[in-house]
Amino acid sequence: MSNPGVITLANGSSNKGNIKRFVVEDNIGESIHLHIDNMRVDFTIDEFLTFSETIRESLDSIDFLCGYKLSQFDEHFLKECSSHLPRLKKIEIEEIELSKLMCIVHSNYHSDLNLLKLVPVTHCPAYRFLTGSGKEFLEYGQYNYHHVNNENRLLEISESVQKNGYPSDGRYIVLFNGQDVIRDGQHRAAILANLLKGKGTVKVMRFYFNEEKHLIHIHKSNILALIKWAAKKVYRSSRLRAFYKKFRGFL
Amino acid sequence: MNYVKSDDLVDIFKLLNESKLEYILMRNINNELPNSLEIGKDIDILVKDRKKVDEVLKKNKFNKINHPHEHNIFLYGVEKFEFYKNNEDVLFDLNFQIAVKSLDAGQWIPLDQSIQESAWQNKRFERAGGGLEYWTLSYEDEFVALIARSVFDKKEFQAGYVSRLDELLPMVNKDDVLNKLQLIFFKYAPILLCQIERQNYPDIVINYLKFKEY
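Chains as they are written, first to last, in my numbering: chain A, 1 to 251; chain B, 1 to 214.
Just chain A, with the same shape it has in the complex (with noise of 0.2 Å):
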């Protein structure tokens, strides 16, 4: 019996590593589902929960953030960044002037070639969208949990920060190293931008890691991203040509 109502919660898997698949699903009404390599573990949703603040507790007992508790973190957040966390060294919170602040910004051409750019805080899609000068925010890409789209996410970020003020509950705006580039955080960036009209400084926290793989090299990471793109187009028209190629003689 196959549930067609399945939601991927989280998905970890790498071709990297010891474990290659590590997904959780939620099959609606049925069970949750932790897949490792070949094994399923079927939680209620209320064992799920005991579970995850289980491996929650013992995370935060071995001090895994150096000294913050990972209720202080957006889960996606550190998902994207799980590779980077066993070299972190250290965690500082430092005050910044908002206008040297930057944002990874994804930029689309010709529909599938996908490029990074630095901006400004106010330069960046959700600062434009609240400020009205700029509607490609609704459409721009970017991770979202399931049924909540960019409007609702950043206007209810927005109502968050003026009602709880910036930051709450320890969350911060998070930086890497030398780097004054925004990993996490860049919406309520937007929406404090947006409240002090640009200028000012903010509370910022600076993961320091004990290598350098985690900094953005926009140009090299462009570069890289063109040459893939490129290499995706030839390889798709050498197939063609080698299709009519061989087809030639029936068409």
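Since the hints were made in silico from the structure, they are not lab data.
As the structure is a computational prediction, the values presented were derived from the model and not from experiment.
With a straight-line Cα cutoff of 30 Å, these simulated DSS-like cross-link-like pairs (lysine-lysine) come out:
| id | chain 1 | residue 1 | chain 2 | residue 2 |
| --- | --- | --- | --- | --- |
| 1 | B | Lys80 | B | Lys155 |
| 2 | A | Lys90 | A | Lys100 |
| 3 | A | Lys89 | A | Lys213 |
| 4 | A | Lys163 | B | Lys212 |
| 5 | B | Lys210 | A | Lys69 |
| 6 | B | Lys58 | B | Lys5 |
| 7 | A | Lys135 | B | Lys155 |
| 8 | A | Lys69 | B | Lys212 |
| 9 | A | Lys246 | B | Lys58 |
| 10 | B | Lys80 | A | Lys233 |
| 11 | A | Lys79 | B | Lys210 |
| 12 | A | Lys79 | B | Lys212 |
| 13 | B | Lys155 | B | Lys210 |
| 14 | A | Lys199 | A | Lys163 |
| 15 | B | Lys85 | B | Lys51 |
| 16 | B | Lys59 | B | Lys85 |
| 17 | A | Lys163 | B | Lys210 |
| 18 | A | Lys246 | B | Lys80 |
| 19 | A | Lys135 | B | Lys154 |
| 20 | B | Lys80 | B | Lys59 |
| 21 | B | Lys52 | B | Lys85 |
| 22 | A | Lys89 | A | Lys117 |
| 23 | A | Lys16 | A | Lys213 |
| 24 | B | Lys52 | B | Lys80 |
| 25 | A | Lys89 | A | Lys220 |
| 26 | B | Lys52 | B | Lys20 |
| 27 | B | Lys41 | B | Lys20 |
| 28 | A | Lys246 | B | Lys64 |
| 29 | B | Lys85 | B | Lys123 |
| 30 | A | Lys203 | A | Lys79 |
| 31 | B | Lys41 | B | Lys64 |
| 32 | A | Lys100 | A | Lys89 |
| 33 | A | Lys232 | B | Lys80 |
| 34 | B | Lys123 | B | Lys61 |
| 35 | B | Lys85 | B | Lys14 |
| 36 | B | Lys14 | B | Lys64 |
| 37 | A | Lys246 | B | Lys51 |
The hints should help you fit chain B onto chain A, whose structure is shown.
Below, chain B alone, put in the same frame as chain A:
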């Protein structure tokens, strides 16, 4: 608005019936058949024998054309859909299983095997207006299939579907329907049925996504 000629539709179903081809018309929302089927809209039929249907349709001047979902992912034995069209703009969408689009990545997934078997075992012959006669799903199977299609494929209950479900509700065996819904929606099935009885259609999908009692 341009419609497919009703005489053409009546004749084609007559041909299908005479050919002894095993088929089931999966739905006739808003009673579009035979008088108000817009040109370009397809007719979903469930068929068993791919070879035979191909033979019958080609013999009756239908041509196989590309299907818009041909590059979709089909899981658990669901066979790809096929489009057949004739010069009178009659467009058949051939389904080989009752399948729905999964919430996750939109792969096509079959409804439970017992629902597939029930579709064939309990099919009924419908004599609709305008001389149109066709094989279709039992009231219970149609009811279940319409709900599944609304939740998974459409992500909403459209007016035509709501009106057909309301029409079917007093005619269906509720125990049978509930058993089948449990094979698709598991513990949400009784709540879903209750919402349909209360005509709370707008909240069914969102309540399903938020459902936690399992």
